[in-house]
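Let the hints inform the model, and build the full structure from the sequences given.
So the chains spell out like this:
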Amino acid sequence: MEPRLVEVRKNVLKQNDVIARALRERFREAGVTVISLVSSPGSGKTTFLEKTLTLLRSRYKVAALVGDLATENDAARLARSQAPVKQITTGTLCHLEAAMIQNALEGWDTGELDFLFIENVGNLVCPSSYDLGEDLRLVLLSVTEGEDKPLKYPTIFNSADVAIITKMDLAAAVEFDEQSANRNIQAVRPGMEVFKVSAKSGEGMDAYLEFLERRRIGARAASAV
Amino acid sequence: MHELSIAMSIVDTAQEEAERHGWTHIHAVHLKLGLLTGVVKEALLSSYEMACEATPLQGSRLVIEEIPVEVFCPKCEARRAVQSIQWFCCPECGTATSDVVQGKELQVVGLEITE
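So the sequences go chain by chain: A and B.
Straight run, no breaks: the first sequence in this note's numbering ends on number 225.
Straight run, no breaks: the second sequence in this note's numbering ends on number 115.
A hint or two may mislead.
With a straight-line Cα cutoff of 25 Å, these simulated SDA-like cross-link-like pairs (lysine to any residue) come out [what the hints assert, rightly or not]: (1) B:Lys32 <-> A:Lys200; (2) B:Lys104 <-> A:Leu136; (3) A:Lys86 <-> A:Asn73; (4) B:Lys41 <-> B:Ile67; (5) A:Lys14 <-> B:Met8; (6) A:Lys14 <-> B:Val63; (7) A:Lys10 <-> B:Leu35; (8) A:Lys14 <-> A:Arg24; (9) B:Lys41 <-> B:Met8; (10) B:Lys32 <-> A:Cys94; (11) A:Lys152 <-> B:Gln86; (12) A:Lys14 <-> B:His25; (13) A:Lys200 <-> A:Arg220; (14) B:Lys41 <-> A:Leu151; (15) B:Lys104 <-> A:Lys200; (16) A:Lys14 <-> B:Gly22; (17) B:Lys104 <-> B:Glu115; (18) A:Lys10 <-> B:Gln86; (19) A:Lys200 <-> A:Leu170; (20) B:Lys104 <-> A:Glu175; (21) A:Lys152 <-> A:Glu175; (22) B:Lys32 <-> B:Glu115; (23) A:Lys10 <-> B:Val101; (24) B:Lys41 <-> A:Val8.
Source of the hints: derived by calculation from the structure; they are not laboratory data.
Right, here's the structure in full:
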């Protein structure tokens, strides 16, 4: 018999999307604001997150999940903030998937939390396809990486909601061209909000934290309607 | 390189459909692949072969239709194909826009089967 072509319509990542949707609903009901971080390896995600957790911890209940191929080093570093932290080791997988978030949250009462941060595996390609149920996706770009990173990885910059330029304390030393970086970010994601920070000196952290707090208030007001 | 996990999901998706309908053999899988998914066509094709090994889809083809990225231009009030994914703006009037209306597809749209 001759083969025949039948029409189907199935999203390949349906399984991930279904779990991500369930997570988003769970987070909304629990009243927790969930923020994920993506960037290339070495852009300062963990230092930035450690600083974020430390600064928010006095006023909010915060926690973090951190993805890496191997080692629990990042969880150990983040634990210095004294916030609850869980490492997700992905083995050979280059990105986090919604099911891993679901598993990692087992035994956690998300209703207890105000902010949950998810640090993705350092990778500017693969994480872009996977919804994790987060409210906000931050993409980090350090001043040492070059201003054209957004043009080289437009997909992930386009998938993110906010850009964070990190290691601003080194900007002068590496002759970072801020205008050019901004132009490139706006080219791949027009209207994207950009924060410039140094987790080391603390520069720019206030404006970024205020933004997170505003987002949290906005999201809670919207979900109360 | 996440194309292998994507390829495995494609194989699973096709297999589920075949089982549901009682089709005995899948000869080819037709896929819509948006150019903003971050999935590379060539890598996906070679991963697909690997993903099919030791499954009923072994030897089947993956037929990929690449879907260009389109945005909605608020000024022209129309869908426009972007000229480059490095520059999200209307090619007609130059208005910058992030309103992507097409290009994120990763969808199985057809199966060549024998019943």
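Structure-based check of all given hints:
1. B:Lys32 <-> A:Lys200: violated (45 Å)
2. B:Lys104 <-> A:Leu136: holds (18 Å)
3. A:Lys86 <-> A:Asn73: With Cα atoms ~11 Å apart, lysine 86 of chain A and asparagine 73 of chain A stay inside 25 Å; holds.
4. B:Lys41 <-> B:Ile67: Given pair lysine 41 of chain B, isoleucine 67 of chain B holds - Cα atoms ~11 Å apart, limit 25 Å.
5. A:Lys14 <-> B:Met8: holds (13 Å)
6. A:Lys14 <-> B:Val63: holds (20 Å)
7. A:Lys10 <-> B:Leu35: holds (18 Å)
8. A:Lys14 <-> A:Arg24: holds (15 Å)
9. B:Lys41 <-> B:Met8: holds (15 Å)
10. B:Lys32 <-> A:Cys94: holds (23 Å)
11. A:Lys152 <-> B:Gln86: Given that 25 Å is the threshold and the Cα spacing comes to 8 Å, the pair holds.
12. A:Lys14 <-> B:His25: Satisfied, since the Cα-Cα distance of roughly 23 Å is no more than 25 Å.
13. A:Lys200 <-> A:Arg220: With a Cα-Cα distance of about 31 Å, the restraint between lysine 200 of chain A and arginine 220 of chain A is violated, given a limit of 25 Å.
14. B:Lys41 <-> A:Leu151: holds (20 Å)
15. B:Lys104 <-> A:Lys200: Measuring from Cα to Cα gives roughly 37 Å; hence the hint is violated.
16. A:Lys14 <-> B:Gly22: Within the cut-off at roughly 21 Å; holds.
17. B:Lys104 <-> B:Glu115: Measuring from Cα to Cα gives roughly 32 Å; hence the hint is violated.
18. A:Lys10 <-> B:Gln86: With Cα atoms ~29 Å apart, lysine 10 of chain A and glutamine 86 of chain B exceed 25 Å; violated.
19. A:Lys200 <-> A:Leu170: Status holds; Cα separation ~10 Å.
20. B:Lys104 <-> A:Glu175: violated (36 Å)
21. A:Lys152 <-> A:Glu175: holds (20 Å)
22. B:Lys32 <-> B:Glu115: Satisfied, since the Cα-Cα distance of roughly 24 Å is no more than 25 Å.
23. A:Lys10 <-> B:Val101: Holds - the C-alpha atoms of valine 101 of chain B and lysine 10 of chain A are around 18 Å apart, at most 25 Å.
24. B:Lys41 <-> A:Val8: With Cα atoms ~20 Å apart, lysine 41 of chain B and valine 8 of chain A stay inside 25 Å; holds.
Hints 1, 13, 15, 17, 18, 20 from the list above are not met by this structure, while the remaining hints are.
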